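With chain A fixed as given, assemble chain B onto it according to the hints.
Going down the list, the protein sequences come from chains A and B. Per my numbering: the first sequence ends with 503, consecutive numbering throughout. Per my numbering: the second sequence ends with 170, consecutive numbering throughout.
Because the hints were derived from the structure by calculation, they are not lab data. The model shown is predicted, which means the values in this text are computed figures rather than measured ones. Treat the hints loosely; a few may be bogus.
According to the in silico footprint, chain B covers these stretches of chain A (three or more CB under 8 Å from chain B) [claimed, not checked]:
no. : region
1   : 153 to 159
2   : 163 to 174
3   : 196 to 208
4   : 398 to 412
5   : 442 to 455
6   : 465 to 472
Built from N, CA and C at the ideal position, the CB exists for glycine as well.
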Amino acid sequence: MASVSTPPPGAKTMVLNMGPQHPSTHGVLRLVLELDGETVVRCEPHIGYLHTGIEKTAEAKGWWQAITLTDRIDYLCPLTNNLCYVLAVEKLLGLEPPPRAQWLRVLLNELTRLNSHLVWLGTHAMDLGAFTVLLYAFREREDILNMFETVSGQRMMTSYFRVGGLALEPPLDFFGRVRKFISYFPSKIDDYEALLTKNRIWIGRTKGVGYISADDGIALGLTGPCLRAVGVDWDLRKTNPYSSYDKFDFKVPVRTEGDVYARYLVRMDEMRESTKIIAQALEGMPEGPVNADAPHIVLPERERMKTEMEALIYHFKIVTEGFRVPPGEVYQAVESPRGQSAYYVVSDGTTHPFRMYVRAPSFANLQALPKMVEGRLIADVVAVVGSIDIVLGEVDR
Amino acid sequence: MIPDELRNFPEASQLEEQDPSVLAGGQFDRGELTLEVSRAKLEAACRWFRGRGYNLLSSITATDLHPIEPRFRVVYHLYAIAEHKPLRLAVRVGGADPRLESMIPVWPAANWYERELFDLFGIRFDGHPNLKRIMLPDDWEGHPLRKDYPTEGIR
Chain A
107 MASVSTPPPG
117 AKTMVLNMGP
127 QHPSTHGVLR
137 LVLELDGETV
147 VRCEPHIGYL
157 HTGIEKTAEA
167 KGWWQAITLT
177 DRIDYLCPLT
187 NNLCYVLAVE
197 KLLGLEPPPR
207 AQWLRVLLNE
217 LTRLNSHLVW
227 LGTHAMDLGA
237 FTVLLYAFRE
247 REDILNMFET
257 VSGQRMMTSY
267 FRVGGLALEP
277 PLDFFGRVRK
287 FISYFPSKID
297 DYEALLTKNR
307 IWIGRTKGVG
317 YISADDGIAL
327 GLTGPCLRAV
337 GVDWDLRKTN
347 PYSSYDKFDF
357 KVPVRTEGDV
367 YARYLVRMDE
377 MRESTKIIAQ
387 ALEGMPEGPV
397 NADAPHIVLP
407 ERERMKTEME
417 ALIYHFKIVT
427 EGFRVPPGEV
437 YQAVESPRGQ
447 SAYYVVSDGT
457 THPFRMYVRA
467 PSFANLQALP
477 KMVEGRLIAD
487 VVAVVGSIDI
497 VLGEVDR
Chain B
16 MIPDELRNFP
26 EASQLEEQDP
36 SVLAGGQFDR
46 GELTLEVSRA
56 KLEAACRWFR
66 GRGYNLLSSI
76 TATDLHPIEP
86 RFRVVYHLYA
96 IAEHKPLRLA
106 VRVGGADPRL
116 ESMIPVWPAA
126 NWYERELFDL
136 FGIRFDGHPN
146 LKRIMLPDDW
156 EGHPLRKDYP
166 TEGIR
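So that you can see chain A by itself, here it is in the shape it has in the complex (with noise of 0.2 Å):
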């Protein structure tokens, strides 16, 4: 990574290297800008400062190890890969988990969506100079991280579901607190479009800045929000539903400027979807239990190993040895706050990944950058490395 290619004696461009330090890049992307007074020339994205080769761990870890890794790839959306992972060895294993833990599934997604989102929102702002939607932002964030500490015990690396179900039902007053959270929050996100949507410096940063055709986007492998702000009407959660997402109503936002302003407006419509299902989920929460009748797979409840011998056989087998899984190949894709986001997950029939692969959707929206930015000036690189919300522990893996 050491090369820098520089422009040849006698240029007037100048290279700036812009990270992987820099607090606008949000972790440790490196952008070396070919630079002509303030316009961008050329811009190349340096990745890799935090490659920890998950894909080759999970393939020395056993099928239900492996769930702890997949929340250490994107730090803000952990749910939505355990539940893309999860998905995959379901269908690998042609498993179905009840109603139950299949509309918790949504309801923890679309909380993980929130929060997601809620970060990149104060994180954006503050690149551009609004600190204020920061410290709101993160209010409402901390909340929905007390919400999947009840769940899960953990904040941030949640590892909650499991193959089958779920590792444990939520304790009794999770569903109270979810109630008053979505009671208040639509407020809070009148309270954020309160301080930006009209505002005279947001809009003159964002506003027709670090524009992509929709034909270009889809060239590049770009996804999600930013897709959906250049009019293309494509979310996973409707056109190709998983986890019971086809019973919920909820609308897709759609923009068509293709903007840095535009992809704000479709992300801040989507926390307003968002919260619908989540109102949705607990409204019409089925009962039953959390896991599926696959004693070979799941773990038994902790009071029946007491009195069951088989339980306690089932629990040794699973956890010293874990599980076999047919052999065969699957590719599982769900929206995930950043886009389609999806495991490639190999199984030689053994206890083990033969093989996963991640697809980041930050990986594939960051190649879109260069064709973004150049031809336009510096500063709107912040804005657009903003907009299109990348996690470097995604992108490099």
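Coordinates of chain B only, in the frame set by chain A:
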């Protein structure tokens, strides 16, 4: 040649009709369609599917089947956004000199995915304008996602 169970998938049967040497096999498993493409006709196959509306290249990745030869199985995950249809193309590459054509002319998104495969698997892509390591440092030795590269200990 494709198996008979794939005859009623228009993507597979029409391509088979046009040029029987492109597809080397395929399966429909767990609701996912996989078409095995012969190594020599990869670009023709990719252009055909790009023309059939598979406009999003979702990812390119590989599996190392070491010690079986041909060692690498490179998979292209495509998506037709208008029809909401996914598709997987698979091609086998030998381990002695793993090489494929770059698909950047068909899908520009292939750029980083091919660099990632070069970095982590050591597969070269002919025609790639900037084929260098993307995740690991430039002076790194070896390709970590190969099965003969240990997960821990001394290499």
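- Query: Counting residues of the region 153 to 159 of chain A with a beta carbon closer than 8 Å to any beta carbon of chain B, are there 3 or more?
  - Reply: holds (count 4)
- Task: Verify the coverage statement for the region 196 to 208 of chain A against chain B, using a C-beta to C-beta distance below 8 Å and requiring 3 or more qualifying residues.
- Result: Our answer is that it holds, as 3 residues pass the Cβ test (under 8 Å) against chain B, meeting three.
- Do three or more residues from the region 465 to 472 of chain A put their C-beta atoms closer than 8 Å to C-beta atoms of chain B? holds (count 3)
- Item | Coverage of the region 163 to 174 of chain A by chain B, judged on three or more residues with CB within 8 Å | Contact hint for the region 163 to 174 of chain A vs chain B: holds, 3 residues under 8 Å.
- Taking a Cβ-Cβ distance under 8 Å as contact, does the region 442 to 455 of chain A have three or more residues in contact with chain B? holds (count 4)
- Annotated coverage of the region 398 to 412 of chain A by chain B, confirmed only when three residues or more have a Cβ within 8 Å: violated (count 0)
Consistency with the previously given hints fails for number 4 only.
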